[in-house]
Amino acid sequence: MGINDNGYIRGLVGPLVSRKVGTKNYIQGKPHRVKQNVDTKKAGKDFGQASRAGAAIRQAFGLVHQELHDG
Numbered sequence: 004m005g006i007n008d009n010g011y012i013r014g015l016v017g018p019l020v021s022r023k024v025g026t027k028n029y030i031q032g033k034p035h036r037v038k039q040n041v042d043t044k045k046a047g048k049d050f051g052q053a054s055r056a057g058a059a060i061r062q063a064f065g066l067v068h069q070e071l072h073d074g
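Note that the sequence shown covers residues 4 to 74 in this note's numbering.
FYI, nobody ran anything at the bench for these hints, they're computed from the structure. Take these hints with a grain of salt, some might be off.
[As the list claims (entries may be wrong)] As a list, the in silico DSBU-like pairs of lysine-lysine whose alpha-carbon atoms are at most 35 Å apart:
#1 K44 x K23
#2 K48 x K33
#3 K38 x K48
#4 K38 x K27
#5 K23 x K33
#6 K33 x K45
#7 K44 x K33
#8 K38 x K23
Given only the sequences and the hints, what does the whole structure look like? Please build it.
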């Protein structure tokens, strides 16, 4: 359901999505749902494990580099 926000429509109106960006109102088609296949799900799990391992490594070496690193 679309909502009138001070003259700007935001939200879902039928098959259209309305967004306010700055002072402009953008309307675009509703995105289609993408179904992940088995390989994509497996890659996501691998990425999650690598991310957790990286976090553990950064935490373990925090005293060595004294938190002096780029973001």
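Status of each hint after checking the structure:
For the proposed pair K44 and K23, the alpha carbon gap of about 33 Å is at most 35 Å, so the pair holds. At most 35 Å may separate the alpha-carbon atoms for a hinted pair to count; K48 and K33 meet this at roughly 28 Å. Between the alpha carbons of K38 and K48 the distance comes to roughly 16 Å, so the proposed pair stays at or under 35 Å and holds. For the proposed pair K38 and K27, the alpha carbon gap of about 32 Å is at most 35 Å, so the pair holds.
This hinted pair checks out: K23 and K33 have alpha carbons roughly 15 Å apart, not beyond 35 Å. Restraint check for K33 and K45: the C-alpha separation of about 28 Å stays at or below 35 Å, so the hint holds. Restraint check for K44 and K33: the C-alpha separation of about 24 Å stays at or below 35 Å, so the hint holds. In summary, the hint linking K38 to K23 is supported, as the alpha carbons are separated by about 28 Å, within the 35 Å threshold.
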